[in-house]
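Undergrad: Residues per chain, in single letters:
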Amino acid sequence: MQCWICASPASASCRFCGRAVCRDDARIHPFVLEVYESGGSHYGLAVEDAIHCGVCKPKPEPVLMDFLDEVGPPRRPAGRKPGRK
Amino acid sequence: MEGKVAPEGRRPSVWDHFSERVSLGSYVPVLRQDLTWARMKTRHGKPNVMLADRPRKYLRVGERDDFLVQRMDGTRRVSDLVVDHFEKFGTFGLKQVSDLVTTLRQAGFLTDPPRDIWGDLGARLNPAGQPKERRWTEGTAMRLKVPIRGLDGFFTRYHDSVGWVLFSPPFLLVSALVSVFGLVAFIAELLRGRDPFAPIAGSGLAGIVALVLAYYITIAIHESAHALTCKHFGRMVPKGGFLLYYLMPAFYVDVTDAWLEPWSRRIAIFWAGPYSGFCLAGFSAVVVWVLPQGLVATVFFKLAVAAYLTNLLNLMPLLLLDGYWILEQWLEIPQLRERALAFVSGPFWRLVWSRRRLSRRELFFAIFGILSGIYTFLAAFIALYFWRRRLAPIVAPLWLTPGLFSKVVSVVVVGAIAVPLGIRYARRLWRLRTAVTKAPEVARRAIFTIRMSDRMRLLGGLGFLKGLPPASFERLARAARVRHVIAGEVVVRQGERGAQFFIIAEGQAEVSILERGEERSIRKLKPGDFFGERALLEGGIRTATVRALAPMRLLVFDEKAFWSELAGPITWQRRVRESLSERELLKRVPLFADISSRQLDLLAVKLVVVPFRKRAVIVRRGEPGRDFFIVREGRVAALGQAGEKLREMGPGDFFGEIALLRDTPRTATVVGLVPGTLWRLGRQDFHELLGKYLALEDEFEGVAVARGHGMDGAA
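If you read the sequences in order, they're chains A and B. Residue numbers 1 to 85, in the working numbering, belong to the letters of the first sequence in order. Residue numbers 1 to 715, in the working numbering, belong to the letters of the second sequence in order.
Simulated from the structure, these hints should not be mistaken for laboratory data. Heads up, the beta-carbon is just placed ideally off N, CA and C, and yes, glycines get one too. A couple of the hints might just be wrong.
[What the hints assert, rightly or not] Derived lysine to any residue pairs resembling SDA-like cross-links, with alpha carbons at most 20 Å apart: (1) A/Lys57 - B/Phe18; (2) A/Lys57 - B/Gly461; (3) B/Lys526 - B/Leu458; (4) B/Lys57 - B/Arg32; (5) A/Lys57 - B/Trp118; (6) A/Lys59 - B/Arg194; (7) B/Lys466 - B/Ala479.
[What the hints assert, rightly or not] Residues from chain B that keep clear of chain A, each with C-beta distances beyond 12 Å, as calculated: (8) Val14; (9) Gly122; (10) Leu125; (11) Asn126; (12) Phe171; (13) Gly346; (14) Asp558; (15) Glu578; (16) Leu580; (17) Thr677.
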């Protein structure tokens, strides 16, 4: 794979978008591996220096996705019931 | 949900929803309810609207912005506001709307303040890297304020218990009489030969201390007058305190709330300080005139001298003090001094060189700018001469007096003048040293060329080269030169002929146009933006001036080299020429007056040219519409229900604009009158433009916040 920016051999991929980058063009960006709740507060397992390509723009604000409510849960395939083999 | 972006006939998918949700177009700005509006008229009767989050932030809102802000009630998205702007003012206001939303959000005027989860996360992970919050001081080292907050209650009580008397007609009458008689008495005393710098009780040191004390009493009363007048008009004085202006101690009060008052009251607030000085000096002079010669009379005379000197300095309109603010409010020319100095340092000489007659405004700017420049230098020399003439005879004997105390006092007195000046010139020398040490680095960067991949990326962003074969791209990329520009340098100048086209690889620039002798900034350019493309067509005359705001690296294309690299693929040369000509045509359409160069470039790609013949039906009344049309050439007519002609439209006119947002049936039939062509913009393309090129985070990076100016009644 080649670096997205300079087309030289890539050595990493962007944690946010997957673009390949070489060592020279790679940047770092904080990244949250996982968020969990404890005692009413949210905690995050974070990486301070995850690889970032510098091309994509991780949005600085959460995006409300209320339109997913309209879609509803995925439907089960017909003729199969959970727990039966 | 209204306005979902999806191809015709297909139900919007989750990804359609998502792409719409992350774009600026679907953001719903909601203005906070607790903000303060002030709707006033200028002295010339024009609307002057202020919006404030008291006492922290004040924004002056333009007429068009006012129209938009009124609509930020939670029922409209940004795309709706763009259409509202379009319906009201007839132009696409993309930049106006996005700048306004960005400014309001950054200033915290919207219900949802801007957030940066990555920044917060970085701060939480690396708390040591965060700058420590300074609690006791504000401002820069050379204008260091030590604020005392919560003064509003004190000034309110002060005004309500005693201060209101100062604004009663009897007191105003008496104070005016005292000011006039006092001035006459003071002049009489000077004519009688009284020395304003005379020693007190034979002591030079006591004389200086008395004068310094008198100076601070005068400033304290001066600042109180600003604050009390502000309170008298019902406005806030949230803070005040001590000020170290180039290490010279003084006081200040924050009267920024005065922006919410009409122009006459703002002038009154600025005038209050000097007026208190006239009253104090007048009263002191009358006392001196009445009393016999002696210690008390000498002290009061020092008070009068200090008050008149302070007023003389404050009322001089050529420095940023009360006199200047009064003049600025009276003339209603915001940033008068900056604009006058900018005019004198640039456009003025060009106008003189071209021997064009100056307009009245240009003449005023020239005189004011030149006088301000001269006075700034003159003031420094006058101050030096004054202090040398007056202090030398006092400091020299003090220094020679045996004992440590007199030497300390001498050092303090000389240091108070020498240190601020020394710091100023030391800073200049430091800047010079930095420039010299960085010179090799700058030279190295000048030799360093922009990488091919970056050149290709920059060229790939040009809409008018869309679809060009990779080989041609590569040849063009190689043909480009690299130019380095220092901050403040003019790259192209309005009115000059140019044969070069530029793409910004690094840095920022400002585009300005010369209007009535004054340079007006119209937009900012950032990496990826380009300018000077007219040069590619006919070595065109520059229509604007581009000045570097920060050091820039530019890709430069000479007209001949550009076309010679496209010489192989003849069809491409023609297509690029057509694209550029199309942009030039679009630029002349008033509808797109507010659109930036890159947005116009992208719009040109999205617009489809549709030919029409005479009597051909372009849209039919009652049919659903999703396209918007602009007449490119030829003429069309809008017909009513009975086939009657409603109006005729020619080049630049448009119809079907509401179709960009709403599924409304066409209200008229449009037919061709004189054969020609139309530009057609589909609804989906419009939303793509909004989403892709006006992303909020990009705008947050590039847009300056401050529109209102803070005002300190600082002496």
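Undergrad: So, for every hint listed, does it hold in this structure?
TA: For each hint, the structure was consulted:
1. A/Lys57 - B/Phe18: holds (16 Å)
2. A/Lys57 - B/Gly461: holds (17 Å)
3. B/Lys526 - B/Leu458: Within the cut-off at roughly 12 Å; holds.
4. B/Lys57 - B/Arg32: Holds - the C-alpha atoms of B/Arg32 and B/Lys57 are around 13 Å apart, at most 20 Å.
5. A/Lys57 - B/Trp118: holds (11 Å)
6. A/Lys59 - B/Arg194: violated (72 Å)
7. B/Lys466 - B/Ala479: It holds: about 18 Å lies between the C-alpha atoms, which stays within 20 Å.
8. Val14: violated (6 Å)
9. Gly122: Given a closest Cβ separation of 5 Å, the condition is violated.
10. Leu125: violated (5 Å)
11. Asn126: violated (7 Å)
12. Phe171: The claim holds: B/Phe171 sits with its nearest Cβ about 56 Å from chain A, beyond 12 Å.
13. Gly346: holds (37 Å)
14. Asp558: holds (26 Å)
15. Glu578: holds (31 Å)
16. Leu580: Given that every Cβ of chain A is farther than 12 Å from that of B/Leu580, nearest at about 28 Å, it holds.
17. Thr677: holds (38 Å)
Hint compliance for this structure: hints 6, 8, 9, 10, 11 are not met, and every other hint is.
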